[in-house]
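Enquirer: Here is how the chains run, residue by residue.
There are 2 protein chains.
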Amino acid sequence: MLCECTCFILLTALIDLVHLVLFKNICFKIDEEVAKLLELKAHLGGDDGKHQFVLKTAKGTRDYNPKQMAIREKVFNTIVSCFKRHGAETIDTPVFELKETLTGKYGEDSKLIYDLKDQGGELLSLRYDLTVPFARYLAMNKITNIKRYHIAKVYRRDNPAMTRGRYREFYQCDFDIAGQYDAMIPDAECLKIVHEILSELDLGDFRIKVNDRRILDGMFAVCGVPDNMFRTICSTVDKLDKLPWEAVKNEMVNEKGLSEEAADQIGVYVGMQGGMDLAERLLQDQKMCQSTQACAGLTDIKLLFSYLQLFQVTDKVVFDLSLARGLDYYTGIIYEAILTQAGVAPVAPETSNEAPTEECVTVGSVAGGGRYDGLVGMFDPKGRKVPCVGVSIGIERIFSIMEQKAEASTEKIRTTEVQVMVAAAQKNLLEERLRLITELWNAGIKAELMYKKSPKLLSQLQHCEESGIPLVAILGEQELKNGVVKLRNVATRDEVDISRADLILFPALLLLDHHHYHHHRHSDSH
Amino acid sequence: MLCECTCFILLTALIDLVHLVLFKNICFKIDEEVAKLLELKAHLGGDDGKHQFVLKTAKGTRDYNPKQMAIREKVFNTIVSCFKRHGAETIDTPVFELKETLTGKYGEDSKLIYDLKDQGGELLSLRYDLTVPFARYLAMNKITNIKRYHIAKVYRRDNPAMTRGRYREFYQCDFDIAGQYDAMIPDAECLKIVHEILSELDLGDFRIKVNDRRILDGMFAVCGVPDNMFRTICSTVDKLDKLPWEAVKNEMVNEKGLSEEAADQIGVYVGMQGGMDLAERLLQDQKMCQSTQACAGLTDIKLLFSYLQLFQVTDKVVFDLSLARGLDYYTGIIYEAILTQAGVAPVAPETSNEAPTEECVTVGSVAGGGRYDGLVGMFDPKGRKVPCVGVSIGIERIFSIMEQKAEASTEKIRTTEVQVMVAAAQKNLLEERLRLITELWNAGIKAELMYKKSPKLLSQLQHCEESGIPLVAILGEQELKNGVVKLRNVATRDEVDISRADLILFPALLLLDHHHYHHHRHSDSH
Chain A
1 MLCECTCFIL LTALIDLVHL VLFKNICFKI DEEVAKLLEL KAHLGGDDGK HQFVLKTAKG
61 TRDYNPKQMA IREKVFNTIV SCFKRHGAET IDTPVFELKE TLTGKYGEDS KLIYDLKDQG
121 GELLSLRYDL TVPFARYLAM NKITNIKRYH IAKVYRRDNP AMTRGRYREF YQCDFDIAGQ
181 YDAMIPDAEC LKIVHEILSE LDLGDFRIKV NDRRILDGMF AVCGVPDNMF RTICSTVDKL
241 DKLPWEAVKN EMVNEKGLSE EAADQIGVYV GMQGGMDLAE RLLQDQKMCQ STQACAGLTD
301 IKLLFSYLQL FQVTDKVVFD LSLARGLDYY TGIIYEAILT QAGVAPVAPE TSNEAPTEEC
361 VTVGSVAGGG RYDGLVGMFD PKGRKVPCVG VSIGIERIFS IMEQKAEAST EKIRTTEVQV
421 MVAAAQKNLL EERLRLITEL WNAGIKAELM YKKSPKLLSQ LQHCEESGIP LVAILGEQEL
481 KNGVVKLRNV ATRDEVDISR ADLILFPALL LLDHHHYHHH RHSDSH
Chain B
1 MLCECTCFIL LTALIDLVHL VLFKNICFKI DEEVAKLLEL KAHLGGDDGK HQFVLKTAKG
61 TRDYNPKQMA IREKVFNTIV SCFKRHGAET IDTPVFELKE TLTGKYGEDS KLIYDLKDQG
121 GELLSLRYDL TVPFARYLAM NKITNIKRYH IAKVYRRDNP AMTRGRYREF YQCDFDIAGQ
181 YDAMIPDAEC LKIVHEILSE LDLGDFRIKV NDRRILDGMF AVCGVPDNMF RTICSTVDKL
241 DKLPWEAVKN EMVNEKGLSE EAADQIGVYV GMQGGMDLAE RLLQDQKMCQ STQACAGLTD
301 IKLLFSYLQL FQVTDKVVFD LSLARGLDYY TGIIYEAILT QAGVAPVAPE TSNEAPTEEC
361 VTVGSVAGGG RYDGLVGMFD PKGRKVPCVG VSIGIERIFS IMEQKAEAST EKIRTTEVQV
421 MVAAAQKNLL EERLRLITEL WNAGIKAELM YKKSPKLLSQ LQHCEESGIP LVAILGEQEL
481 KNGVVKLRNV ATRDEVDISR ADLILFPALL LLDHHHYHHH RHSDSH
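Sequences listed follow chains A and B, in order.
With my numbering applied, the first sequence covers 1 to 526.
With my numbering applied, the second sequence covers 1 to 526.
Take every hint as true, because none was put in to throw you off.
Straight-line distance between alpha carbons at most 20 Å, and here's what the computed EDC-like set of lysine to aspartate or glutamate pairs gives:
#1 A/K84 with B/E417
#2 B/K302 with A/E431
#3 A/K405 with A/D202
Stretches of chain A that chain B covers, calculated by requiring three or more beta carbons in the stretch to come under 8 Å of a beta carbon on chain B:
#4 84-96
#5 178-187
#6 415-429
No lab work stands behind these hints, which were simulated from the structure alone.
Idealized CB from N, CA, C, for every residue including glycine.
Between the sequences and the hints, there should be enough to build the whole structure, so can you do that?
Expert: Here's what the structure looks like:
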């Protein structure tokens, strides 16, 4: 009996143990198997059971077709020109970093980091932004001052919302100034850059909101927020661009347990917007002045605005006490640019069921940044700090808007830069076409021909119309005999015989053609 | 007794079961823990036990500093200009693909693919080249003809040899022509492009070796290689650029079991190099002509050379029967470009202990490609084929050489494009400098200033010397009073007073300055 009993107890215990050990794996396995079966099902093309590939890109990613690339190139050119105009160098870093390089930099967002599979060797993660690799680069190379831009893709396992320009693989365009400099001069230049880029891209009206982490922290302190709640209250304040004050207050008081009195005091401050005048008024504010931090921030805001006036950009910059950017590493000035024109709908606010509270609808942030004086020190073995300030242009939203504009426009986007199509009017002139196109290529002229022995003239001309090639150099028996080509303007259908030597002198020729074109139109009107 | 026995048996069985279940996890866990401990050890900076980051990039990767980026930009500009001159569009694809998209495309090399960690969702891998994503893109979008280039990074978990320009993250510059066209016209254009790019980059002399998969296969057939050995013998032939014939023959016969007679026959053919004449001679070759495949390949090589003559590039192109590129997906013409000047040592042959067999030392392949008519069909649900031919420029080796050349050169590489430094000759002129630089920026002039309230004139001038800024616009009390700036040529130290309005008319001004400079030198010589 004792034996049976022991046996039973042992058995039960062991079975439990096995269950315990297996359970986690099993749960996981079941999920895995279900996922595999679903995937398999997706692959089976109907009932024939034939395996076929899922022809798609990874979730949250996309290909860029030639038209999108043409738009992308245009946007990048505008941005890079601006960065270069301000004297920036550029660097590049690998797409993945040691996992630990990214650890502890992004707070809660760390869960969105893509890890690489452990295939033996180092543990790696795809970069989450360009700021942390930049700080790692500075610390690793002991660089204490640099002005650099970096345009590259970053990766976040976020919930994609691709129609609104939110992807898992997306570009960031970062400009940063690292170095120990006099207050607010580099900070002001970052805002000048945002102003220049958004003006040049012609995306409609915009505002650049400015605040300072020290003002936020000081404000929380004087309003009676306990020290350990600064971060969480700050992230609630950050929602003010999407939620009305009542909802934000509700979260502070009922979810986060802040006193109603403190919340109401915050409410007064975060409703404030202005310019240098507001900074001056707050420097006189009895309550705010209790915080030396806030005072230092307000003094810098004043200084910043004085520089912004000289940079002629104060028309778009607003000192806004409700701005509270999410990232942990900011230590001073912060800013965010938003487009204010309701016309550009695709980048609507996240919670689209909320009514906008102001007359101008926020269509989302298109640039943001701030000062982060502590980040490089996190990488330095001796903790040596390198003060930094920077801005990141949210290029994907800008692409989305530019694409929409291009779709709406009647103007056709060219995806190649071909200037001349080398064509034949008769059969069997491939060799002659190859000879002519070689002359053009060797002279640096962008030229194309059809890869057929004897293409029809019509199809050669059609190709020009479709892809926007402005000129056709036509060869025929007669032209070959006379040592000329017939140069045809695709748009006007004007034709002119021209010597092959002249054809190579292309820029001059274009003018000639332009003249001819006008002349022709002129004579038409008589 | 029975009971005890049962109990014992049950116990043993269950314990075994538990062991079995635990074992795999434990083995794995131990490996994991050891790795973690090793990592931890690496982090401990000596004996103080203070944790610190390993400040490095992932194995086989590197950062690009501003100087390297300047070189990279120059190389890319040359390559992209050439692609555009030939009428190519560009596309972009995500850095990772569904794992199965890459499966079965690279043969043995598949083990070098980077996988992403399974964090729930799709199984992903980093792209291994740009050709497979291109084929996936064509099939997915049902594109049957396109001429596109794509410049992007690809990833291979290979043994890095970074001094020789071999990395785990590296750029590929691909140009491909997809579509059903008349034979050899697009193929010839690819070779023309390689010729143009390598000439323009000025990397010294080069050769482009050409062969055809059909000639190789036909050659193997007529030499008596069994069908199922074509692939493996082909990959042995591929080693002829690094090994002498004797070593290659030895591998064929003693490792792969080919008959000595067959090997010797192959030996005769793979020693052959020439141009169109060689193709003609082989078309008369009794043995070779037994293979209809080889004949088709030889006829195309003849046609190819006739087009290459018209393109004026036959000086560098060699029909070389020993060329046998590794990748499985080639179906027709194949080619590879090598630099032949011994001067550029860093990209030495892999096995540097082997003596070069020819008078010109091979410094490694810098471009390669070929025709792959079957790849797109692998992605198409109905197997529809899209014929493709393309070329990939091996940009990393080119970077290495360009970097070496830059190091050796006395000419300093500029990493910014700043044209004017806005400087002050006296203290407390920050506001005036900000006002002036705003005028310059707003006029599109690339300008910089020091982020100090009162920088010393000398340190401002020094910065110009160091970073190659050609002009300094100097402000002082006197200049402000007169509404001018003192424009200083950094190289010549010439100074001239100029109105602020004239300063904005920059291009004209530069000419003026140039003139002034020459004038000054002229008067010096008297």
